[in-house]
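Chemist: Quick mapping for you: the protein sequence lines, in order, are chains R and P. In terms of my numbering, the first sequence has 622 at position 622, counting the first letter as 1, and numbering is strictly consecutive. In terms of my numbering, the second sequence has 195 at position 195, counting the first letter as 1, and numbering is strictly consecutive.
Please keep in mind that the hints were generated in silico from the structure rather than gathered at the bench. Keep in mind that this is a model prediction, so the values were computed, not measured. Among the hints, erroneous ones may be present.
To be clear about the criterion: a stretch of chain P counts as covered by chain R if any three or more of its residues have a C-beta under 8 Å from a C-beta of chain R, and this derived list gives those stretches [as the list claims (entries may be wrong)]:
#, region
1, 331-337
2, 372-385
3, 405-415
4, 427-433
5, 441-451
6, 477-491
Just so it is clear, CB atoms sit at the ideal spot from N, CA and C, and this is done for glycine as well.
Listed below are the residues making up each chain.
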Amino acid sequence: MSALLWALLALPLGAGTLLCLGGRGWNTCAPVAAPAAGAATLALAVAAAVARPQASAPLFAGIRAGLRVDGLSAVMVVTVAAVTTAVLVFSAREAGPDENRGRYFGLLLLFAAAMLVTVTATTLALLLMAWEVMGAASWALIGYRWRQPGRARAADTAFLTTRAADLGMYLAAGAALAGGVGSLRLDALPQADGVWLHVTGAGVVLAALGKSAQLPFSFWLSRAMQGPSPVSALLHSATMVAAGAYLLLRLSPLLTATHWAGPLVAWTGALTALLLGAVAVAQRDVKQLLAASTSAQVGFMVLAAGSGGVAAGTVQLVAHAAVKSGLFLAAGIWLTALGTRHLPALQGAARRWPSVGAAFAVGALALAGLPPLSLWAAKDEVLGAARADDPALYVTALAASALAAGYSVKALWYVTRPLPGEPAAGDAGYAGYAEYTAERPGHQQRPARSALLPLWALACAGAGLGVLVLPGPADWLSALLGAGDRPALHPWEAVVSAAVALAAAGAAWTWLPRIARSGDAASRPRPAVRWAERWLGLDRAAHLLLVRPVMALARALAAFDDRVVDGAVRQLGRGGLALARLARRADDGGLDAAVRALAAGARRLGSWARRPQTGLLHQYYAQAVVGFAALTLLVLLVR
Amino acid sequence: MLTVVTFLPLLACAVLALLPRAVRVPDRVCSWVWIATAAADLALVIAVWVRFDPHGGLQYEQRARWMPGAGVSYHVGVDGLSLPLVAMVCVLFLAAAVHMLRETRRVRALACLFLFLQTVGVGLFVALDLILFFVFFDLSIVGMYVVIAGWGHGERARAAALKFFLYTFVGSLALLLGFIGLYLAADPHTFDLVELTRSNPLAGQGLYAGLVLLAVGAGLAVKTPTVPLHTWLPPAHTEAPAAGSAILAGVLLKMGTYGFVRIAMPLLPGSWRQYAPVFVVVGVVSVVYGALVALAQTDLKRMIAYTSVNHMGYVVLAIGAAGSLAGSDAQARSLAVTGAVVQMVSHGLLTGALFLLTGVLYDRGGTYALDAYSGLAAHTPRFAAATGVAAFASLGIPGFSGFVAEFQIFTGSLASQAAATGIALLGILLSAALFLRALRSLFLGPPRLPAGIPLSGLADLRTREAAATYPLLVLALVIGVLPRFLLDVVEPAGRSVTELVAR
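For reference, chain R alone in the conformation it holds in the complex (with noise of 0.2 Å):
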């Protein structure tokens, strides 16, 4: 039974890397390998969701390497699969000619395999494993298109800014070790003892609000908007952003023994929904729109998890993952044939090929959560989740979806304008967006047929997954998911958000021709907008408060290492040089100076001895006579 379990793992991971080995020389197969081998996966992992495989293998002492599907792995690696396997098929005919497609399908595919080992795995360390290579597979789809600098810049900040929050998770694994959780089970995390349950606890929501892209780490989202929109399609929906969201739906039974963390990761995902909401609005960047979308989906998913509805979080996971794929393949065909991403230039877009505009707007319609759509059902028992938490919550996240209403007529009021005189007439107004610049040259060609067929698939999927609602499949998944009692919805409920989604969508259709008009006059938008629009400034407010002390004091250390460390290792030799010089002066000057000395007092002593002998015989005399004279005179005295 493993064998299925590994074959599905090993399927995408050896063929992502086989075909990232071979790049550019497989060029011409990758775009029917890939799909085959996304085609083939998603076989295998319905297969998995069927058997319930599981298999562990050893990893580090006391820890192994375990790998299950349960309900909640079934319900994700069915989805992951699906996804991925919809945007490899929309690939085929979109990467370029003169592009490294086997990269391109390789790294796809690694992505893919690593998220599917994070939603199979069940010991932390092989969740972060899996996790962090998602993190770095999607460092390189993000910078896919590399030689411009701020695609590569994007990935960097969109890497080093999860890799941040996944510091919380090596942070868990240790706690959890010294909790007492020796086989760092993720099942057995909540039995942590003491405090080291509670730093387990926040290692792992730091680790998920970041790979999330909730507040405060929301912004990396919106840089990774550089990538190419079928990897964002990917990346925004099972994978990834959706990882964050999983990890705390899995994790949900130590939120609760925490007491802090629930409320802490609802409000947070009910407070990303809501101001995420809001720049979504502010938006007039249509992959812009959606990437903020998205960061305020995966907040109502985060509520769940936070207010304990797991069947409730599981389903608005699904239906969004099904949901924003479509919309950004949707968003990528606009953007290679009419080469810009900017909305008021988008203007009549969804005319002019109907059935790509006719998919997003089935799409814009879930994400407005409009009944009888996906998310409107799948809100709805986010919101009851949320509700039996805190009424002030369930506030905060209706709110959110009002706002939800609003970005997702926005974006579809745009693009079903009547068709401009010239398409390209638009983009000229707007040079001023330099930065909105075409992924590739708009070349004005009808979308593939077989581009089309997964972006309907997503469509009907993003439409109609709401029936998982409904009773029956309802009481079904929350068995799946042993998810247990689901606080009773009332109908009501499903009233209320109804009517709240129906009004704000109703309100922006009638508010957009009038603030089209006056943004069209060029007025500048008011502060708040503006600051909405740049993503709340936490992109800004990361580098002021991070990125730059944290390079100065680099540097700054850098200088101390230099004059001061090693400085201090110079003068040190230095001072041995000194000290040399001065025994050597002290050798020569001193010591060598006294020897000589005595030497030429000796000699001084030599040469006076010598003067008395002179050779001549009377002098000799003489002296003997001085010499007796003075023997005497010592024998006279002495005596």
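Following the hints, complete the assembly by docking chain P onto the known chain R.
Modeler: Relative to the frame of chain R, chain P by itself:
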């Protein structure tokens, strides 16, 4: 067997060196003799590994009288701590030999020197006698001095080599002092590691034991190197030839950290436990300080040199934490020591690969300055990919050996040293930042090379360069994905070290 492994390179060295001057040996022949010897040595080590019993303690022991009057003997053997390092040393020397295949400057002398260094490197890790250890410890300094001064980048290399020699020589003198302290305390006097470990001569000798640990610790800390005794490292790396840097980082630095695990911890358990917080602090400071200073570097090779300070800091942190009994259990301490040993192997492979790759960069552009290059990935995709993989592996991405090491170090150290480990975690974020910055600067963006070098003639990784680097990365990958083959060997030894420290 171990004697053959140790002295086979020296034998080849002697043959090459003693051939009469009249016999003109072509450079290619010298290079191939060098490669063949390194490969044969590696094959012998693999044979040793295959027949090694992980739970058998010290194996392949050999003992012969050397200076019986002074308690010195020729005593060698391997256990789970030393075998992985011996294997890593042999792999690295083979990679260096392959990398230097096209060297034109005094090849015969260079081959002799590296073969000599290989004997020294292997000998140190198998030595079970303090004086034998010390002899190899010192000879490594001599050999590396000649490599840097003789084959480095010009005049500055000689200054750097002199600094390296004097600094590390002072360190080894401190080490000798400590060894003599151990010798005098033992009854009967001996330098034998196994006997000293068994008798634990300094148990309960407060200040004296502390002073001996200070001498041994200072000597090893210089070689490791830890902050603040690290400033000989950046100039030595920057001025050394690529293969020399790889050996310096991969082999010589490990002599310091290995000394801690092999000598300081088992021989001075009481003082080690007493002063463990000192090592923890030194380790954490090395981690964070090394990473921050590396982040500010503008020279690729200096940057990698400082990341070595950072990586060795993790090792020191882990072994410090392994000496803190309060709050941690045997599993945590054993994880920390195992992680430290894996980190030594991993750092050898990855930093070795990185230094060989910087050699390629210097070969193409004539400088290590990061801002002199841009967009190299367009013209040298293989080089860019190899460097990218090495950089990600070095910043601890799972799937490579660095993660296996660092995860165990952090997980094992947190219980007893929570605050320190929490701070040290920042190191992996900083090293991610600095490697991504370097990668972006060198390889991404619009293509540009240093002035005067045409883009058109820019060659990608050549076969011999790839043959030297890829195996190191593949090995790091294998350790990262299937770590059991290594951990099965290291873990029992790691456990026995923690038991020795806890006694």
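Chemist: Tell me, in ascending order, the numbers of any earlier hints that this structure violates.
Modeler: none
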